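Novice: Residues per chain are reported as follows:
Protein chains: 2
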Amino acid sequence: MRYADRMSRVGPSAIRDLLRHGADPAIISFGGGYPDPALFPTDDLRAVYDELLAGDPSALQYCPSNGLPSLREHVARRLARDGIACGADDVLIIQGAQQGLDLAGKLVLNPGDTVVTENPTFLGALIAFNPLEPTYAPVRTDDDGMDPADLERVLAESPRARLLYTVPDFQNPTGVTMSLERRRALIDLANRYDLLVVEDTPYRALRYDGEALPTLKSLDTEGRVLHLGSFSKILAPGMRLGWAVASPEILDKLTLLKLAADTQCGTLNMAAVSLYLDRYDIDAHIASVRAVYRDKRDLMLKTLADAFPGTTRFTSPTGGLFTWLTFPEGFDTTAFMRDTALPKARVTYVPGASFFAGEPEHNHARLNFSGLSEEKIVDGLTRLGAHLT
Amino acid sequence: MRYADRMSRVGPSAIRDLLRHGADPAIISFGGGYPDPALFPTDDLRAVYDELLAGDPSALQYCPSNGLPSLREHVARRLARDGIACGADDVLIIQGAQQGLDLAGKLVLNPGDTVVTENPTFLGALIAFNPLEPTYAPVRTDDDGMDPADLERVLAESPRARLLYTVPDFQNPTGVTMSLERRRALIDLANRYDLLVVEDTPYRALRYDGEALPTLKSLDTEGRVLHLGSFSKILAPGMRLGWAVASPEILDKLTLLKLAADTQCGTLNMAAVSLYLDRYDIDAHIASVRAVYRDKRDLMLKTLADAFPGTTRFTSPTGGLFTWLTFPEGFDTTAFMRDTALPKARVTYVPGASFFAGEPEHNHARLNFSGLSEEKIVDGLTRLGAHLT
Chain A
59 MRYADRMSRV
69 GPSAIRDLLR
79 HGADPAIISF
89 GGGYPDPALF
99 PTDDLRAVYD
109 ELLAGDPSAL
119 QYCPSNGLPS
129 LREHVARRLA
139 RDGIACGADD
149 VLIIQGAQQG
159 LDLAGKLVLN
169 PGDTVVTENP
179 TFLGALIAFN
189 PLEPTYAPVR
199 TDDDGMDPAD
209 LERVLAESPR
219 ARLLYTVPDF
229 QNPTGVTMSL
239 ERRRALIDLA
249 NRYDLLVVED
259 TPYRALRYDG
269 EALPTLKSLD
279 TEGRVLHLGS
289 FSKILAPGMR
299 LGWAVASPEI
309 LDKLTLLKLA
319 ADTQCGTLNM
329 AAVSLYLDRY
339 DIDAHIASVR
349 AVYRDKRDLM
359 LKTLADAFPG
369 TTRFTSPTGG
379 LFTWLTFPEG
389 FDTTAFMRDT
399 ALPKARVTYV
409 PGASFFAGEP
419 EHNHARLNFS
429 GLSEEKIVDG
439 LTRLGAHLT
Chain B
59 MRYADRMSRV
69 GPSAIRDLLR
79 HGADPAIISF
89 GGGYPDPALF
99 PTDDLRAVYD
109 ELLAGDPSAL
119 QYCPSNGLPS
129 LREHVARRLA
139 RDGIACGADD
149 VLIIQGAQQG
159 LDLAGKLVLN
169 PGDTVVTENP
179 TFLGALIAFN
189 PLEPTYAPVR
199 TDDDGMDPAD
209 LERVLAESPR
219 ARLLYTVPDF
229 QNPTGVTMSL
239 ERRRALIDLA
249 NRYDLLVVED
259 TPYRALRYDG
269 EALPTLKSLD
279 TEGRVLHLGS
289 FSKILAPGMR
299 LGWAVASPEI
309 LDKLTLLKLA
319 ADTQCGTLNM
329 AAVSLYLDRY
339 DIDAHIASVR
349 AVYRDKRDLM
359 LKTLADAFPG
369 TTRFTSPTGG
379 LFTWLTFPEG
389 FDTTAFMRDT
399 ALPKARVTYV
409 PGASFFAGEP
419 EHNHARLNFS
429 GLSEEKIVDG
439 LTRLGAHLT
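Protein chains in written order, with this note's numbering: chain A, 59 to 447; chain B, 59 to 447.
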C-alpha cells in the first residue's frame, strides 16, 4: 500500500506508550495529564443524563455541525465574563481542544509552512500539526512564557511562519504562565507578521494562586486569535467537549472543516453539559477542584524538595496539572526511565525530549500531580528520589 | 488572513443549507438522512447511562485512543457474524463513519491524487475528501452499482488513482446495491491497480427485502479494504460512534491519525453502547426499525407512483434511507426547488447535482423516507406532485 507523504510524519508517540504503562496498577504514573476522577460531578451528570433521556429522544438525533445552540450560549456567557466579547454564534463546539488544533492546522498550513511554538511545547499539538507537514520554529521560553525578543528574531528568520501555538496559562509541559507584558508583545508581533495565533487554554480555570491574566483573545486587535478551551479538565474528559472562538470569517471556515471531519460533536453530551450548566454551579465545582489540586501541587513541590537531590530544579506552577523538572546537563531522562525509573522505582513520567519541536533537550521530565492520590505522589516521588541520590 | 491552499476546496454545502430549511416546522423536508427518533431505544439507553454513572466515574475519564476494549469486542463479534474475520484489535472506534473518510483520505491522498467514486456518490464523502485536494474519477453506476467495465476504463486512465470510495449496500444517494459479481470484480481491479478501497456501510443492517450480500471486506484478498460502519442508523446518531476495520498496518496508522485529530471518542458514549449491547438485543431492535422503514419506503414508492407524473423515474431500494428521482432531461431540480418546491409546495429535497463528483446532472433529486411520519410522506409528496403535473 502506498501512503500519502504526510504519513512519514505520523508515528507512534511517547504519550501512547505511556498510556500503556499507566494501565499497570503496580506502577505509579506521573506521565498522563489526567484529571482526578474522584472529582468528577458524577452524581450531577447522572441526574442530567436521566432527565435528558426521560421521554424526549431529540438529544439522540443529529444537530447542527457548529454545536447545540444552548451549549454555545453557555460557553459564550462564560467567556464574556472572562473578558472575551462574544455571543453564541462566535462559538464552535469541538471534540476537545485537540480537535481545534487539527482544524486550525488545516485552515492555514501548507506543507513546509512554519508553526511557531514555545520551547518546549505541548506534545499533543506537535502530533496534531505533524500530518500537515509543517516546519517548526521554537521560541525561547522561561518562567514568564515565550520571550518576545526571541519571538521577534524567530519571526524575522521564518518567512513562512503562519501559525503561532501557545498555552499561555500554566503551560503544558512546563506549568509556566505568560506575563501580561509578553501577551501584549505577542499580539503586536502576530499583527506585524500576519499570524494566526492559536491560544490553547485547557487549564485556564485551574489557577491556585494570584489573579487571572487577560486571555490573548481579549487583547486581540485584528481578529487573528483562535481561542480554544475544553470541559475536559473542569468537568470530565470522557465527554470530549471543547470550544473554539474566533472571528466570524475564521469560525465559518473552521465550522466547514468540522463538518468535513466528523459532522458534529455528540448531541447527547452537548445537551448534558448544557443542562448541567443550567442546573448546577460549575464555578463552585471548579473551586472545589482547584482546592484539591492546589494541595496536590503543594505536596508534589514539597516532596520534590525533600526527596530529590538539590541539583534537580523544578518549576512552581501557579495552576494547571504539571511541573517541569530539569536535571543537571548530561542526565538523560529517557535512559533513566528505561533503566531505573520503570524497572527499579516502578514509576513513570514523560521524558522531556518529546516536547521539543526542534533540537531536544534530554535532561527534563514532565510530572503530573492532578491524577494521583496524595499517598501516591509521596510514595512515587520518594521511590524515584531514592534512585537519584 | 492567508489560508492554506486546501481551503479553496472547502465551501458551504447543500447539506448545511438544507439542515437550515429542515428546522422550519412548516416545511416538509425529504432532504436530511435522519433516522426516525421515535425508534431510538431511549428508555434502554436511559437505563444504561444511569447504570454507568452510578458511582464509578471511570466512564467519564480518558481511555485508549483506539476505543474502549469492550465496545471493540462487541463490534468485532458482530462483524464476524457478518463474515468479516476480525477481533477486537482489528477495530478502531471513530466519531461516526464520517470520521473514517477524513482519516482514510489523510492516509493515502496527496494533493492531485485521484479518488474513484460511484456516480453519483455520497456528498459527505466529497466534503470529507475535498480538503485533501484530490481529483475525482466518477464511475458509471446503475441498478447493480458501479459498472466494472467502466471502472476498468477509469482506472486505466487514472494513473494517480489511490482510493476507491463506495457505499455497496443501499447507496447514498441512489439506494442501489452492488451485485455480488460486481463486488468480486471490484476487488480484483483494486488489487490490480493498488487501491485502498473504502467500503462505507452505514445502512447495511437496514435491508427490507432479500438476503445480505457479502461485504467487500469479506472478499478482500490483499488487506486493502477499509470497512466503515456506524451506530448512527441502527441505534442513534447523537452519540457519534462508528467503527473502522482494516489490516493491522492500515489500522495502526489510522489509529495514530485518530489520536492526532481528536485524541479519542467519548468514553461515556462508548461505555454506554457497549453496556447496551450487553443488556439488550440490538438485533431485535434493528428488526423493529426495519419493519417501520420498510413500510415507509413502500408508502413513498406508492405515493410517488400515484402523485408524480409518469415521466419521473425513481429507484426501488431494497434497504437504506433514500430513493433517487430522475426527471426528464432539461428539468433542473435546483431551480425547481428554489422557484416552486420551497416557496409553493413548502417541501425540500436534496437536488441531485451536489452528488456528482464530476460533471453534474441537474435532473435528479434524493428523497429520504426514514425521518418522516407516514402522514408527512404522503402530504409532502402529494404537494410536490401537484406542482409537477
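Please keep in mind that the hints were generated in silico from the structure rather than gathered at the bench. Each hint should be verified, as a subset may be incorrect.
[Said to hold, decoys possible] With beta-carbon atoms standing in for the labels, derived distance ranges: (1) B/Gly69 / A/Arg198: 28 to 34 Å; (2) A/Pro418 / B/Arg139: 45 to 51 Å; (3) B/Glu131 / A/Arg67: 58 to 64 Å; (4) A/Gly141 / B/Asp341: 51 to 57 Å; (5) B/Ala342 / A/Lys360: 55 to 61 Å; (6) A/Asp202 / B/Gly170: 44 to 50 Å; (7) B/Ala342 / A/His445: 53 to 59 Å.
[Unchecked claim] Covered by chain A, per the in silico footprint, the following chain B stretches (three or more residues, Cβ under 8 Å): (8) 255-269; (9) 375-386.
Predicted model, so just to flag it, every value in this text is computed and none were measured. We treat Cβ as the ideally placed atom computed from N, Cα and C, and that holds for glycine.
Novice: State for each hint whether it applies.
Specialist: Against the structure, the hints:
no., hint, verdict
1, B/Gly69 / A/Arg198: 28 to 34 Å, "40 Å, violated"
2, A/Pro418 / B/Arg139: 45 to 51 Å, "48 Å, holds"
3, B/Glu131 / A/Arg67: 58 to 64 Å, "32 Å, violated"
4, A/Gly141 / B/Asp341: 51 to 57 Å, "53 Å, holds"
5, B/Ala342 / A/Lys360: 55 to 61 Å, "59 Å, holds"
6, A/Asp202 / B/Gly170: 44 to 50 Å, "45 Å, holds"
7, B/Ala342 / A/His445: 53 to 59 Å, "58 Å, holds"
8, 255-269, "violated (count 0)"
9, 375-386, "violated (count 0)"
In the structure shown, a violation is registered for the earlier hints numbered 1, 3, 8 and 9, in ascending order.
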